[in-house]
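For the record, the sequence lines run as chains A and B. With the first letter of the first sequence counted as 1, position 181 gets the number 181 in this note's numbering; the numbers rise by one all the way through. Basically this note's numbering = 1-based index in the second sequence + 1000.
Read the hints as simulated data drawn from the structure, not as lab findings. Heads up, some of the hints might be wrong.
Computed Cβ-Cβ distance ranges for the label pairs, DEER-style [claimed, not checked]: (1) A/Val151 with B/Val1135: 54 to 64 Å; (2) B/Ala1131 with A/Ala3: 25 to 35 Å; (3) B/Val1135 with A/Leu101: 57 to 67 Å; (4) A/Ser90 with B/Val1135: 41 to 51 Å; (5) A/Ser90 with B/Val1047: 47 to 57 Å; (6) B/Arg1032 with A/Gln235: 55 to 65 Å; (7) A/Tyr22 with B/Thr1114: 20 to 30 Å; (8) B/Arg1028 with A/Ser90: 38 to 48 Å; (9) B/Val1023 with A/Gln235: 18 to 28 Å; (10) A/Lys139 with B/Val1031: 26 to 36 Å; (11) A/Thr326 with B/Val1135: 20 to 30 Å.
Backbone N, C-alpha and C define an ideal beta-carbon position, used for all residues, glycine too.
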Amino acid sequence: MTAQGQRWASLVALGLAFAGLYVRVLSAPSPGGFAPAQTPARSASTAAPRYETQLLPNSTAASVHSAAAAEISGGRLRAFWYGGSREGASDVSIYTSVYSLREKNWSPERAVVTREFAQRHLRRYVRKLGNPVVGRDSKGRLCLYFVSVSVGGWAGSAVNLMVSEDEGESWSPPRRLIASPFFNISTLVKGAPLLFSDGAVGLPVYHELLGKFGELLRLDAEGHAIGKTRLSWGQSSLQPVIVPRSGKEAVGFMRYAGNPPNRILLVRTEDGGVHWSPPVKTALPNPNAAIGSVLLSGGPLLLVFNNAEEDRENLSLALSTDFGSTWRIAHRFEGDSGSTQAPVREYSYPWIMQDRTGDVHVLYTWGRSRIKHVRFNRAWLEGRR
Amino acid sequence: MSVNTTFGLLGCGLLGLAVVATVMPLGRLPVRVRYALMLAAALLVFVPFGELSIAACVRGVTGDLSAATLVLAGAACFTQVTARVLIGHRDKRALCWLLALAAAFLYPFALGWTPFDPYALGYGSIEFVTALLLVTFAAWWAGLDLIVFVIVAAALAYLAGAYESRNLWDTLIDPLVALYAMVRLLAAAAVSRSP
């Protein structure tokens, strides 16, 4: 081919490639709003107040942290957390256990992801494992997202996805989510996934490399990141938790890692997560610790947080009847002088959810040695209001 | 093994081969020995020791490599083995400038220093695709064939779903090639200023 011919051939290739790009971009569905939440049965306010606690099984790990849970079929919850000889150790695995809502007991834990398992299936070196979160995709499958690190500390993290079609008995091999252009590192999870009305999954993530900020990833049915929106920027916000109220409206909370006063950060959207308000400090303190939040069916909005600016000893429940504008402390889970104390007085990383019967479940790290489960009903909550 | 995984491992292995080919003084050896050494290097890079190959270890750190890296790595291997130059000086310098500018635009903002996130544009922004089209057409007009080749290859790989990522930026640029471009430009500037 002559030089002139090569030149025109490259122009044709250029035209075809960009025609393909335009078709891809223009045919992509525009983002929908948030999917309506499944409405749990509102338990009768005449029911007796009920508040129960128990520690989840832990037969092997000296250190456990960062629990997450989802309701599964048969009136059960399935919880996940990570545990090992210490946080960040190479022997850390992700464990799971199942809770029967009727029998009120947890099954013995079993490891669902080990470092070696992740490394083998991801076909890349994995140094350690971290936070798991769990949710469902638009097909109703259970999706487990977990953090792994190949190099460095938590700032070198990436997020991986495993999918289960049998409520967590068996899992697909893990697949890495690509969410950052910088070697795809420094993406972590802590907040619960949510669903968009177009079937995409919204996964709240945060980054810790040089900056600390939150984002909401959009994942397609195969778990590929297909979009994202920045929730904050700078160096002081992480671990976003997003709570939708309608198709367009949601509130988000973030852990604060900046200069005093140390307060929980709040963001809002009124267009289905396309745009978010700049983060503002709430009146609630935050000792650079994770937060859990859920909007109960029919309200109110609940928030579990460490009610102090400096330590993680006081874990409390706050409620808001105006979707996050004002708060009232309803209960202190841990830190009272009368309660049984953990060897290490850290009560942190809460996960809160409501089951289909209307009961509320809170799981959190109890002294780094166990995961604690608190279950209460609406009658108990209404007695605290 | 999925297409994405295979493509990613091949890319990281190709980078490993390019490093080997560049570091070793292949030019002094007979052609057959060069091919034999590259074959041995390929086995070293791709065959797993225990659970993982060297390519898999590299991929664990770097992720999938962009089309720019793969084209430059492939050209380096070709040149070292055959002693034939594939990429001209002008073409390579123009690509380095484009990569350095793109990196300066992408990475600082992607680290979360402002509300603006250029990386999000790579998920399907008509403005981003149009800007890329204008850059590519300008390069074609100026006869900068390497830039055209890299961008077209990146676009085709994106459309074919060859990458784990569904973000167009990841097929165009990665931090390694951005660093390479900046170092090369700085070195060229230093040489031109020396008496």
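Hint check results:
1. A/Val151 with B/Val1135: 54 to 64 Å: violated (33 Å)
2. B/Ala1131 with A/Ala3: 25 to 35 Å: Because 28 Å falls inside the window, the suggested range holds.
3. B/Val1135 with A/Leu101: 57 to 67 Å: holds (58 Å)
4. A/Ser90 with B/Val1135: 41 to 51 Å: For serine 90 of chain A and valine 1135 of chain B the Cβ distance comes to about 45 Å; the hint holds.
5. A/Ser90 with B/Val1047: 47 to 57 Å: Roughly 24 Å apart at Cβ, these two residues miss the hinted range, so it is violated.
6. B/Arg1032 with A/Gln235: 55 to 65 Å: The hinted range 55 to 65 Å holds for arginine 1032 of chain B and glutamine 235 of chain A, with Cβ atoms some 56 Å apart.
7. A/Tyr22 with B/Thr1114: 20 to 30 Å: holds (28 Å)
8. B/Arg1028 with A/Ser90: 38 to 48 Å: At 44 Å between Cβs, range holds.
9. B/Val1023 with A/Gln235: 18 to 28 Å: violated (39 Å)
10. A/Lys139 with B/Val1031: 26 to 36 Å: At roughly 55 Å between Cβ atoms, valine 1031 of chain B and lysine 139 of chain A fall outside 26 to 36 Å, so the hint is violated.
11. A/Thr326 with B/Val1135: 20 to 30 Å: violated (51 Å)
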